[in-house]
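Chemist: Below, each chain spelled out in residue letters.
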Amino acid sequence: MRKCSLSEINSVFAEISKSMTLYLPVDGSDGSSAFSQWTEGVKWSESLNTTKSPKDFFFPQTEDLMAFKTSGKNIELTDIRKESEDFVVFGVRACDVRSFDILDRVFLSEPCDSYYATRREHSVIISVACSHPSETCFCTSFGISPENPDGDISAWKTDTEVYFSPNTEKGALLMDKLSSVTEECSDEAVVKQKEEISKICSRLPNSKVDTNTFGGGKTAELFDSPLWDKLSEACLGCGTCTFVCPTCQCYDIKDFNTGNGVIRYRCWDSCMYSEFTKMAHGNNRLTQKERFRQRFMHKLVYFPENNDGIFGCVGCGRCLAKCPISMNIVKVMKKFGGEKSEK
Amino acid sequence: MQRIGVFVCWCGSNIAGTVDVKAVAEALKNEPGVVFSTNYQYMCSQAGQDMIKAAIAGHKLGGIVVCSCSPRMHEATFRKTASQAGINPYMVEIANIREQCSWVHKDMATGTEKAIILGKAAVAKVNLNTPLTPGESPVTKRALVIGGGIAGIQTALDIADAGFPVDIVETKPTIGGKMAQLDKTFPTLDCAACILTPKMVEVAQHENIRIFSYSEVSEIKGFVGNFDVTIKRKARYVKEDICTGCGACVEKCPMKKIPNEFNLGMDNRSAVYIPFAQAVPKVATIDPNACNMLKNGRCGICAKVCTAGAIDYTQKDEYIEEKYGAIVAATGFNPISMDKFDEFAYSQSKDVITSLEFERLTNAAGPTAGKLLRPSDGKHPHTIVFVQCVGSRCSACTEKGKEYCSKICCMYTAKHAMLTRDKYPDTEVYVFYIDVRTPGKNFDEFYRRAVEEYGVNYIKGMVGKVTPEGSKLKVQASDLIANKQLHIDADLVVLAAAIEPDKSARPLATMLTASMDTNDFFTEAHPKLRPVESPTAGVFLSGTCQGPKDIPETVSQAGAAASKVIGLLAKDKLTGNPCIAKSDEWMCNGCSSCGKVCAYGAITYEEKEFRLPDRTTKIRRVASVNPAVCQGCGACTVTCPSGAMDLNGFTTTQIMAEVDAICK
Amino acid sequence: MQMKEHKPLIVAFCCNWCSYAGADLAGNNRLNYPAEVKVIRVPCSCRVNPMFVLRAFQRGADGVIICGCHPGDCHYVSGNYYTRRRMAMLFSMLDYLGIEKERTRIEWVSAAEGAKFAATMNDFVETVAKLGENKRLEDLRCK
Amino acid sequence: MQVITREQLIEKAVSLLAANTVSCVLGWSRGEFDYDVSPAVFRSEEEVRRNFVWNDFCGANMSKYLISKASGVDGKILVFLKPCDTYSFNQLLTEHKFDREKVYVVAVPCDGMADFRLIKKVCGEGIISIDSEDAILKVKTLYSDSPISVPLTDVLAERCKNCKSKKHVAYDELLGEDGNVLESGRFDEVKKLEAMTAEERFEFWQNELSRCIRCNACRDVCPACTCEKCVFNNPSSGVENKAAANSFEEKLFHIIRAFHVAGRCTDCGECSRVCPQNIPLHLLNRKFIKDINEFYGEYQAGEEIGLRAPLTDYTTEDIEPCEIFHRRDTDA
Amino acid sequence: MNNKNLREEVLRISGVNPKKCMRCGKCSATCPAYDEMEYHPHQFVYMVESGDISSLLDSESLYRCLSCFACIDRCPRNVEPAKLVEAIRLSKIRKQGANHMTANDVPALLDEDMPQQAIVSAFRKYSK
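Protein chains in written order, with this note's numbering: chain A, 21 to 363; chain B, 3 to 666; chain C, 20 to 162; chain D, 16 to 347; chain E, 157 to 284.
Warning: the hint list may mix true and false statements.
As the list claims (entries may be wrong) - With the C-beta cut set under 8 Å, the calculated list includes, among others, these residues of chain D facing chain C:
1) Glu214
2) Arg216
3) Val254
4) Glu255
5) Asn261
6) Leu267
7) Phe274
8) Ala277
9) Lys302
10) Phe303
11) Leu326
12) Pro336
Rather than coming from a laboratory, the hints here were simulated on the basis of the structure.
Keep in mind it's a predicted model, so treat the numbers as computed, not measured.
Backbone N, C-alpha and C define an ideal beta-carbon position, used for all residues, glycine too.
For reference, chain A alone in the conformation it holds in the complex:
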């Protein structure tokens, strides 16, 4: 384990930036944070989590896939991918780190998504433990330890120090590069913080959210439940939950006519939208209730069914904070009885 004093953290950032582009959570003018590139003078945000999840690094909201140029009646196809360079994402929380595993299962399984894969290969993730989880957090329900985040390097931030511990080869390599700005230390402070975090986690209002009601094989039981009517009643059909979600991975591929050619791009799509997966015959899901149900059934039933029981939610709580009408996965889970003990 190595550490660096919090006041000197910028020297770590500077060191990383020498060889790779570094991204980290930075406070925006509106008070919320977002991942931005670090340059001299940029401050690491104190916030618990960014509004948009870091999935953008691997699965950007919009991404040009290829271009067609028309000249006269000829069409010329060009690959417009840029050369990928190594980059570091610093300050990723445990939940978001887990989300990469979920995304990997989608994009890296055959046929592998080469756009996604390239970016994953070129990234180093430095996670950071959550010293102050929010009331919206429920990652523990999915077996995630906020005190013990994964990633290539795990980090812990105390009032005075930042501690680092590499988990992977990539992480160890990067740690080596940081030897001049960090020093070897004991894990005493980290152990203490871990205990504190665990204690707080047990007091979180959503700590009792239980996944037992859900999981693979529950489709028949849950699909026609009358509860969906009430739950989806106020849903506006906007895409906020899906767009702030670190694990939502649906996308659409569209062509943009530039006037002298076409750019084929992919962009996030949302199962909440009435146009989602619209096909020649029309829509699969005609009502907002069906669309609403799809999102939660996907995360809590279909995904684990196809992915060794792993849920498609990491409990980051973004949808709890951002839904315009405050309807969210926790409310859905609780309504279906997913709560550990009587409240």
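Keeping the supplied structure of chain A fixed, place chains B, C, D and E upon it in accordance with the hints.
Modeler: Here is chains B, C, D and E on its own, set in the frame of chain A:
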């Protein structure tokens, strides 16, 4: 994608002088959809048109682009060519490479480059063109004239003479309107009745004209060629077909103290009345507010004296529904109320009167049998002050006066002054004016005669105050030329009140969805080029409902409106312009913004049932465009947030394709 | 390359009855204006959707001008009055977003005003040329 | 703390349900925390008593829900409307969006709603409960031993700080006392922006709008956005864009959306409330409202049913677009 | 100040647009003080429009106007001649600080019978 042919015209050297037409044709060959591209010296010539026709046949073209002069020149020509070659005429687009390219640019390279871009835009547009067919609707060969004044009478007569049936709806018990109340008419001093009443009789006797007097239009539906109108025939308690107009009832009616509207309340009539001797129809009408029999069942004298048995106290309002192809608004005018002009003491003194009241005072059939006597004491007035522009050209207070010039006052005041001096040379006559406006044939001569021959005192300046004092009216005025304040002891003051559209015009306009200006005059479709048509198709304007005008002008406008109506009714069916708006009912959300901006009232809303993909049904309000009424401006398309409203021939995607092509 | 004067691309929406005819008259009278001006014919200025204006900027236009009949002379009675309100709102909003206000213009050109059409276009091209390329409302994909 | 208590509203709802005046109730439903209130339809007394909530977080504007909820019910639906909601209510009726006869409106006075983002700014993460007493919020968090007291006025939502009206413009029944239309500083921010240079304004909006993730929450919550299909969802409209690919599309979306609601927007502020990226979208709408007021006369959408929106109206004397800039430049 | 500036000043103070006048003379026709005046209300309007302010400034007519506002009430065009009169009076007063009297001159003119209000307004006028 269409199979498009491109035809680049040289226009001799007009285009070819600054545009390399061959290069343009060559460049456009590569555009998407283009299968044929050529150039020729004169595309509009017979040989050029034949070339287009041959290419359409030979290359199975679905659409053509002609790069030539302005579409305002030859779009119609090439549409006809296309149509002759068997393709829809609206599959033609023109790239204007003459007026907007070769003629305004000097350099060959620049001109050619721009011509190619304009050609590309036209190709991009024609790729999205769809065949359009003009809608057709039948025409009901009957016209409705609303208002039975001289405007309505003349319009009806002209239409009827052309062989089309016409109905006149008049709210009063008789037709004749304001002109029937006038004494003499300027500048010829014909007696109004002498020239009007023969026309009224002609109307009554015309086989093609029906008169609905004492009636109102209560509902109008439909559109040009196909109006459905409901006419309310108010109960007049006299059977119109039986009454002979003998006047026995009028004579015997005990209720004789009812202010006589026809004489503007300056004398009285009975509860059962005939407005004036030459009324058409000449039948009696019972005033339900005055008749004792109708009010409390105590009387019934008129029924007893009527030998024809025409009195019917049980009559009810009757509603008639009729179809019309065209509607003429001829609702006329009224003098504005003088109540707000305290300075002229109109409401304080009976001897301050309006010009229309003066007409009745000097009319042989009027309350004084044509003798000019003061309303207050019946004495002959020796000093008369006429005040012009009372309430006209008044922008200070819209509640009080009108901003516009009422146009007729200068002339009738000159007439009044002249006639007064003619009949009663011992009277002093003063006319206070701001300007004297006499544009019109023999108008200025007429006015000069009043001044020079009849010795009327015209004074530039306004009257500021009229104060009744004893039997006199103290008139305080200014003489601007002499720079004096004048004080005149007058016996009679005559106010040339501004005129305003009749109150019935506003609700009528709403029913017709015809537009009005802020003064409630009907708006014409174009102030210069279509002055007798309303923007609402099938609605025409006659007389003062469109703006102040005198009798000769009214009559000529009435004739013009009639000729427009005849032109419409002569058609068996109406062929519309296919470049009109269309509403996609699946996208329309019924917000009704489009209807608000439609100047023609072409958009209506209905509740429609939709079957949704989930097999449920939903009733929604949606807009629909009447193709016979829409003129194709596109105002609605931009108001519509969802894009449900689009414009044929200029669709959103077509215009955007043009933008894209130009900005490439 | 840097020194070369920027040739602005101007999209002009002209109503069929007045301004397009005015443009034709400019041609008839051989009144020059820059070839950068490209006219799109619409039935009435009220057919111009704000989306068309933005579309033009997106696709690389440097200035957009809308020409219609003089207020009160609209062939369709009131079309240009609506245009006037809509475009006043749109232009004010574009300015509010920091887009150079000189890039948008509305001008009333009658069918008799060929000279005004040419003068307007000359002036507009000159004004827009001074601003240089449209950077604030561009879509890089369309470059 | 709101003048009218939750209990009063519940009693009102229950009595109207019992009297069969209404068959269901549209209102706010309690959430997991004290601030995450959801709109909901209550169909029984029991549901109302259990879940109905009325507190400082009932910001959601119920009017738009009437479009979908009023048509499906037998009998009438009871809706509780705050003053600002009633403007949307009237505007929707103006646009024929639902049947007035199907709705029973109970007007509720409002003291302004709290913005929980602002509370988090003051109190930090981990809020466990929020109690309200005499306009003071007592916030308990995981990380503070004693409750933190926050005056409601400090954490009022922006739209409530600049409340335009405490007056209900539509109702069948009023609880408590009606307020007045207020003089508010709601255009101050707009004026500030107007006073900047074009470059500064461009920077400002570039920064704000670049955060947009095109989730469409602003549109989907907006009571003026009631299209059957939005142009931005319609592939044949030519401007469809699902996700904002670049700054042009962000601007296009927000300009066109603001334009489409111009003259119809009642300034209810829902767009800014729901924006996950805290973009001050109301500043776009207010710009249009301010311009309309200045150029075409004071106009408040929804003030009365049937008003003709300024952009579907005109006068022959309207200001010329070039005059606008001229006037502003000379004023400055 | 030249006549043009004077005219601008009068227009600014009064807020009147004399161009709206169509010379109907109703103001003069209605004016109760007409006979007392050298220049009559309609002439006021015309003279202001043509910039002949100095004659008006020197004319006693200024103080013959009773400010009854009959001219304003009767004017069909909303020209408001009385406001012009008042504006010219004000211009005159404003000039007096420079040309005639200052506040310092006032005490010498005071006498016992002078009403308090007159003294206050004199100071107000002449201290400008």
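Chemist: Now look at each hint and say whether the structure bears it out.
Modeler: Quick rundown of the hints versus the structure:
no.	hint	verdict
1	Glu214	holds (7 Å)
2	Arg216	holds (4 Å)
3	Val254	holds (6 Å)
4	Glu255	violated (11 Å)
5	Asn261	holds (6 Å)
6	Leu267	holds (5 Å)
7	Phe274	holds (5 Å)
8	Ala277	holds (6 Å)
9	Lys302	holds (5 Å)
10	Phe303	holds (6 Å)
11	Leu326	holds (6 Å)
12	Pro336	holds (4 Å)
The earlier numbered hint that this structure contradicts is number 4, and it is the only one.
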